[in-house]
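Those protein sequences? They're chains A and B, same order as listed. Here numbering that gives the first Met the number 0 is used: position 113 in the first sequence is 112, and no number is missing along the way. Here numbering that gives the first Met the number 0 is used: position 87 in the second sequence is 86, and no number is missing along the way.
Rather than coming from a laboratory, the hints here were simulated on the basis of the structure. Keep in mind the model is a prediction, meaning the values are calculated, not measured. Certain hints may be false.
Identical copies go unnamed one by one, so any copy, or any two together, can satisfy a pair.
[What the hints assert, rightly or not] Cut-off 25 Å, straight-line C-alpha distance, at most; resulting in silico cross-link-like pairs (DSS-like, lysine-lysine):
(1) K6 <-> K79
(2) K118 <-> K281
(3) K78 <-> K6
(4) K115 <-> K281
Number of protein chains: 2
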Amino acid sequence: MEITQLKYFLGVAEELHFSKAAEKLFITQPALSRQIQQLEGELGVILFERNKRNVSLTMAGECLRVEAIKIMNQLEFVKKRVTLIHNGEEGELRVGHPGSAIHSVLPQILLEIQQKFPKIRTILSEEIENVLLNAIKDNKVDIGFVRESIIDAQFDSRTISSEFLAVVLPENHAISQDNFIDISQFKDEKFILTPRQEGSVYYDKLIKLCERSGFLPNIIHESNYGATILRLVEHNLGISILPISYQTSMPKGVKFIALKTIPETTSLSLVWLRDNTNPMIKNFLEVCEGMLV
Amino acid sequence: MEITQLKYFLGVAEELHFSKAAEKLFITQPALSRQIQQLEGELGVILFERNKRNVSLTMAGECLRVEAIKIMNQLEFVKKRVTLIHNGEEGELRVGHPGSAIHSVLPQILLEIQQKFPKIRTILSEEIENVLLNAIKDNKVDIGFVRESIIDAQFDSRTISSEFLAVVLPENHAISQDNFIDISQFKDEKFILTPRQEGSVYYDKLIKLCERSGFLPNIIHESNYGATILRLVEHNLGISILPISYQTSMPKGVKFIALKTIPETTSLSLVWLRDNTNPMIKNFLEVCEGMLV
DNA sequence: ATTAATTCATAAATAAAAAGCATTAATTTG
DNA sequence: CAAATTAATGCTTTTTATTTATGAATTAAT
Chain A
0 MEITQLKYFL GVAEELHFSK AAEKLFITQP ALSRQIQQLE GELGVILFER
50 NKRNVSLTMA GECLRVEAIK IMNQLEFVKK RVTLIHNGEE GELRVGHPGS
100 AIHSVLPQIL LEIQQKFPKI RTILSEEIEN VLLNAIKDNK VDIGFVRESI
150 IDAQFDSRTI SSEFLAVVLP ENHAISQDNF IDISQFKDEK FILTPRQEGS
200 VYYDKLIKLC ERSGFLPNII HESNYGATIL RLVEHNLGIS ILPISYQTSM
250 PKGVKFIALK TIPETTSLSL VWLRDNTNPM IKNFLEVCEG MLV
Chain B
0 MEITQLKYFL GVAEELHFSK AAEKLFITQP ALSRQIQQLE GELGVILFER
50 NKRNVSLTMA GECLRVEAIK IMNQLEFVKK RVTLIHNGEE GELRVGHPGS
100 AIHSVLPQIL LEIQQKFPKI RTILSEEIEN VLLNAIKDNK VDIGFVRESI
150 IDAQFDSRTI SSEFLAVVLP ENHAISQDNF IDISQFKDEK FILTPRQEGS
200 VYYDKLIKLC ERSGFLPNII HESNYGATIL RLVEHNLGIS ILPISYQTSM
250 PKGVKFIALK TIPETTSLSL VWLRDNTNPM IKNFLEVCEG MLV
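The task is simple: from the sequences and hints, build the whole structure.
Shown next as structure tokens:
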């Protein structure tokens, strides 16, 4: 049994006339007769009662008609769906992100994805950088947000935004925007930073920043979560350096001093496995770039 | 897209190996590769990620796999169903019958049908003979029970049983089995019979029976329904002649006197339209004959 | 590093299937 | 009864699918 045969069968079932059906199907009448005979032969069933003048469906034929219509519709449906998936317009995209992203770009991006590709379902997982990268390698996550770009042959990455860093101080701290000159002013402070992770460019960048100003930060607390760091600063447990975008979710008891020189910027990149063929990655990137350039 | 292509696709999707799949499908590997390429081309979608050493399903491929399995199962289901219908083992059979049949053979027949062909659904309609025959002609009923056989070119019929007639008397009637000789004994009685219908052999038979005994019955009531007639007899409104099988549903206040000569028998036949192709008719007949011979 | 083995893709040849054309047989209509 | 209609049949051509043979890329082994 072939789809073409079912199509022919439905043609005859609709017209109840071989010649007319053949015309509609753009084949000759004998070809059509043959195919129906063949279908009947294979099924071992008479589908049409034809008595030289009238063609009508048998009960078996009527049953096949109903079912064949269903099958044809299902087939059409599959074609459409498969195309959507191929074009990355439907499916599940597993997005990993650091806690910080949820405070900055992620909500807008997800909103935009929802609007442009309503059939894409995003599955978010918040992970610290090295866990996230491993998840991507293990194909548990399709695409992830990381600070600074990654140098690794198996990954592909694209920088989607760049922002200044900022010193985060408790509100009552002596130094403010007005009397701030350089971060060397904080050389004797206690620092709360993200933990040093294997291969994390972001951490190294922060350390180098201090080194260039002639001191090594005295790190007394570590936390992966920007929100936690902000709270610690608020309670006078130390100061920190964070991407400026955290300012939007800043608690009342802290203040930000933006660092506005070129080396004092941090970039946000998307990273994915070079040979991950999930077609949604392409569209996800497009949306991200379209929004953040 | 053809069924064969889907079958091939599922083969590869299962093995994830073209050569092995080809072997299982009893074709050569290039033939398989070609068909998959063709399918991909037609859908405009890549179904397999093949990198010379590994074959894996893309997301689109995975979607097609799931749906193709459904379609193949549906196809198998249809094949079976259509065969059942063709063999008259499934479907609806519309059976018309006179009221009398429900008191005699019909219950057993339906039970037997249920057991032998559990997928056949019977739709009963009780009709008096001429209405029933018209319903059959109009293809509203597939097969019907009638008393005596029908002489009509468009019908086919088969006699399935034959039984004696019986005189039905009120319990207190002077004549009983002991002193009964001949129905001429009832020549002065009031009769309750079925109504005279166009072309009804049964009615004519009853009249002839009386004529042969030298009288014309004095018919004072008519009713199509044997049960009604029995009640009328019970209440002393007259006597009747009915097929002996009514004895099984005889009320207390009546008695039966069987008429045991050959002309005093009545046959029960099944009648259907000669060109009704409902395949269940054949099986229905078989069951009826198997039971009642 | 070279060789052997595996495996999917491609090309040309062959086989199979489908479609077309011409015609027939049966039936209906004027 | 002739003309028209319509599905089936026989034969030919065209199209499609399959096979055979081969190539290219990759991995594994000596």
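Broken hints, numbered, in rising order?
-> none
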